[in-house]
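Starting from the known structure of chain A, arrange chain B on it as the hints suggest.
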Amino acid sequence: MRSTANDMLLPVAAIVAALLLFGVFVWFADVSPLDVWVTLFKGAFGDWFSWQNTLQRAAPLMLTALCVALPARAGLIIIGGEGALVLGGLACAVLPSVLPLPANLLGTVLVCAAGAAAGAVWVMLAGWLRQSRGINETISSLLLAYIAIGLFKHVVEGPLRDPASLGKPSTQALAEGLRIGSMGSSDVHWGLLLGLLACIALGLWLRWTATGFAMRVVGGNLRTAQLVGLPATRLILGACAIGGAGAGLAGAVEVAAVHNSANASLIAGYGYAGILVSFIARHHPIAIIPVAVLFGGFGAAGSLLQRRLGLPDASVMVLQGIAFVLILASEALRDTEWRRLLKRLRGPAEVSPAQLAMGDKIA
Amino acid sequence: MSLNKPNRRESLKTLAAFGAAGAMGGWSGLALAQKPLTVGVIYVGPRDDYGYNQAQAQAALEIKKLPGIKVVEEENVPETAAVQKTMTGMIAQDGASLLFPTSYGYFDPHILALAPKHPKVRFAHCGGLWTEGKHPTNVGSFFGYIEECQYLNGVIAGHMSKSGKIAFVAAKPIPQVLRNINAFTMGARSVKPGITCSVIFTGDWSMAVKEAEATNSLADQGCDVFTMHVDGPKVIVETAAKRDKMVCGYHASQAKLAPNAYLTGAEWNWLTAYKTMIEAAQSGKPHPNFLRGGLKEGYVKMSPYGAMVSDAAKKKADGIKAGMIAGTFDIFKGPLKDNKGNVVIAAGKTFKQTDIELEKMNYLVEGVVGSF
Numbered sequence: 004m005r006s007t008a009n010d011m012l013l014p015v016a017a018i019v020a021a022l023l024l025f026g027v028f029v030w031f032a033d034v035s036p037l038d039v040w041v042t043l044f045k046g047a048f049g050d051w052f053s054w055q056n057t058l059q060r061a062a063p064l065m066l067t068a069l070c071v072a073l074p075a076r077a078g079l080i081i082i083g084g085e086g087a088l089v090l091g092g093l094a095c096a097v098l099p100s101v102l103p104l105p106a107n108l109l110g111t112v113l114v115c116a117a118g119a120a121a122g123a124v125w126v127m128l129a130g131w132l133r134q135s136r137g138i139n140e141t142i143s144s145l146l147l148a149y150i151a152i153g154l155f156k157h158v159v160e161g162p163l164r165d166p167a168s169l170g171k172p173s174t175q176a177l178a179e180g181l182r183i184g185s186m187g188s189s190d191v192h193w194g195l196l197l198g199l200l201a202c203i204a205l206g207l208w209l210r211w212t213a214t215g216f217a218m219r220v221v222g223g224n225l226r227t228a229q230l231v232g233l234p235a236t237r238l239i240l241g242a243c244a245i246g247g248a249g250a251g252l253a254g255a256v257e258v259a260a261v262h263n264s265a266n267a268s269l270i271a272g273y274g275y276a277g278i279l280v281s282f283i284a285r286h287h288p289i290a291i292i293p294v295a296v297l298f299g300g301f302g303a304a305g306s307l308l309q310r311r312l313g314l315p316d317a318s319v320m321v322l323q324g325i326a327f328v329l330i331l332a333s334e335a336l337r338d339t340e341w342r343r344l345l346k347r348l349r350g351p352a353e354v355s356p357a358q359l360a361m362g363d364k365i366a
Numbered sequence: 018m019s020l021n022k023p024n025r026r027e028s029l030k031t032l033a034a035f036g037a038a039g040a041m042g043g044w045s046g047l048a049l050a051q052k053p054l055t056v057g058v059i060y061v062g063p064r065d066d067y068g069y070n071q072a073q074a075q076a077a078l079e080i081k082k083l084p085g086i087k088v089v090e091e092e093n094v095p096e097t098a099a100v101q102k103t104m105t106g107m108i109a110q111d112g113a114s115l116l117f118p119t120s121y122g123y124f125d126p127h128i129l130a131l132a133p134k135h136p137k138v139r140f141a142h143c144g145g146l147w148t149e150g151k152h153p154t155n156v157g158s159f160f161g162y163i164e165e166c167q168y169l170n171g172v173i174a175g176h177m178s179k180s181g182k183i184a185f186v187a188a189k190p191i192p193q194v195l196r197n198i199n200a201f202t203m204g205a206r207s208v209k210p211g212i213t214c215s216v217i218f219t220g221d222w223s224m225a226v227k228e229a230e231a232t233n234s235l236a237d238q239g240c241d242v243f244t245m246h247v248d249g250p251k252v253i254v255e256t257a258a259k260r261d262k263m264v265c266g267y268h269a270s271q272a273k274l275a276p277n278a279y280l281t282g283a284e285w286n287w288l289t290a291y292k293t294m295i296e297a298a299q300s301g302k303p304h305p306n307f308l309r310g311g312l313k314e315g316y317v318k319m320s321p322y323g324a325m326v327s328d329a330a331k332k333k334a335d336g337i338k339a340g341m342i343a344g345t346f347d348i349f350k351g352p353l354k355d356n357k358g359n360v361v362i363a364a365g366k367t368f369k370q371t372d373i374e375l376e377k378m379n380y381l382v383e384g385v386v387g388s389f
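Protein chains in written order, with the numbering used here: chain A, 4 to 366; chain B, 18 to 389.
Same shape as in the complex, but just chain A:
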């Protein structure tokens, strides 16, 4: 209980501090901090429209963050999710031209599965290089992402280009029936639900199943895992495959729900943003959900901030930067014994109401 409170309060406090600091920052730029805070809130969570905006932006990040989180729990730092994403999108767009697909839900499931499979294979490649050849997976996954993007561009602008796509080289568009629509009356596509389900399912799996536990043991201490006879390589490759499938699925959803075809707009940095999301969420699949929503919220709020207050796009990057640095820095306070600290402070010096309030919450 106590550690959960700590887990939640620390990032929340860090975000509040970031907002305060950002207020000072914009104040120097002659913009009222009050206006900025109100606009940020309105843009991200102010009404139903803003919520949809936020959730739509969060959807792909949940899946790409899993591409970092899962391998990380097995002890690998994979940062090449972007490559798995673009290849997933490509596989999704290309499958209908190699295989006649029914233009219904089954077809949609198949194109998404193709995307997930492509992503899984790509990230497994990095895992395999590490397990069999001892190649650092961080570097190899990043380089593989560059290769994937190169391959993607070559194929989309070359052999698989739809001749009708003049100014923006793209593959043939997906048939209407294969596309993913939006949920109910909202604007948000079903990719959000896929992301939510994947995060929750993988979170539960890691926490409650024997294989999930085994994977965490591998990530925690490889030697121990090997000593107790866990199939470390299989588990590591499995983690890479699941993570890669997440990013590949993100690419497939982007194609089927947003772009209709594979083209360079798919390379929008979702894979790289997922790295940040996963690290902030401490590689916890369930924690990825609120972090991705927060990320989406920054995007949505930044949009309104530009339109209402005329602030440059970079200002939201500044806020995001401050927030994430503070969240990561707050990790250092994780093991602080708040009560003992308070008692020591209470002795000679006066206690501020803020500290008291903090103490109450922890207790």
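FYI, nobody ran anything at the bench for these hints, they're computed from the structure.
Since we're looking at a predicted model, the values are computed, not measured.
Take the hints with a grain of salt, since some may be wrong.
Here chain B is said to cover these stretches of chain A; the calculated rule only asks that three of the stretch's residues, wherever they fall, bring their Cβ under 8 Å from a Cβ of chain B [claimed, not checked]:
no., region
1, 164–175
2, 301–309
Okay, the calculated beta carbon distance ranges per label pair [unchecked claim]:
no., chain 1, residue 1, chain 2, residue 2, range
3, B, Asp-328, A, Ala-317, 38 to 48 Å
4, B, Phe-307, A, Gly-272, 27 to 37 Å
5, B, Pro-321, A, Met-320, 28 to 38 Å
6, B, Met-325, A, Arg-164, 41 to 51 Å
7, A, Met-320, B, Pro-53, 40 to 50 Å
Yeah, the Cβ is synthetic: ideal placement off N, Cα and C, and Gly gets one too.
What follows is chain B alone, placed relative to chain A:
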């Protein structure tokens, strides 16, 4: 969930600001009486990129000064679901009824997905090929025949080049870019037929490092006049100037970046298209669906000549420019060969700028060194 708490708390703290917003309500009511037109402008990159986005932002800056117009802007909007959210946000949150989503990639699928859902909003897209019967009527596209200016760039480059080698740094081999490369080369070769133009494709619209590498590599090969077709020409202009080479600009004027190297440049003049779209919206006329124009219509313009440009070069270029404006000069006419020796335009055949055939260009003309 817990993450939203601080925001709510912040909002309580700042209830006072809502009071202020209420006071603003009075102002907006007053403005509503005059029915201002809210115009949304969306850029794919930064507004101050010395290039594509800056050219659009310059027009937006001008229309802000018009009476009865309110402009909302957003920069760095990727061609993803994000731009759909920005467009719906401008419509729902800012009350915009005319949108200028300026990047080519915004058209299909993003504008085409939103336009039917918002039939009262006008979408004015830059670069798209609006087609009657295929695309919604509340969507329109505008573009300019900027290769006229690239041809004139070429004429100046042909006069100024000492090595007989000129250079073009390009993003992607799409028809629009090929048209510019070909026009630039043909302009230069109209002065000295032996000139060759080396082209390097960087592969994408904004690749600062590759653009610098391409510029350096072309400079090493002896090219002495540079032009380009990338989103932000800043890096190429500065790199070329550093190597003591000359530059013809693109999109907007980069003269400020390299006053001693900048010969002239091909610039957009989007104000013409913006004004046409806005006037139609204000007077309730049908949305102009297809606007195209060149030097004559005021869609494009040339940067003022740099001090080093010779009088002979100026005279030649100005003469051709007058011909273009009068409609007596055509760039793409037969006989024309590509750089592999095939005849691409037969003798006696002339394409007018308006010919849709030119928007499908897929070759590099004779004199271009490079391939795609």
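Now the hints, each set against the structure:
Figure legend: the region 164–175 of chain A, annotated as covered by chain B; annotation consistent (4 residues with Cβ-Cβ distances under 8 Å, at least 3 required). With 5 residues having a beta carbon nearer than 8 Å to a beta carbon of chain B, the region 301–309 of chain A meets the requirement of three or more and the stated coverage holds. One distance hint, 38 to 48 Å for the beta-carbon pair B:Asp-328 and A:Ala-317, holds here, with the actual separation near 45 Å. Between B:Phe-307 and A:Gly-272 the beta carbon distance is about 34 Å. The supplied range of 27 to 37 Å therefore holds.
The supplied range of 28 to 38 Å is met by B:Pro-321 and A:Met-320, whose beta-carbon atoms lie about 36 Å from each other. Here the CB-CB span from B:Met-325 to A:Arg-164 is close to 42 Å, well matched to the stated 41 to 51 Å. Hint check: A:Met-320 to B:Pro-53, Cβ distance near 31 Å, so the stated range 40 to 50 Å is violated.
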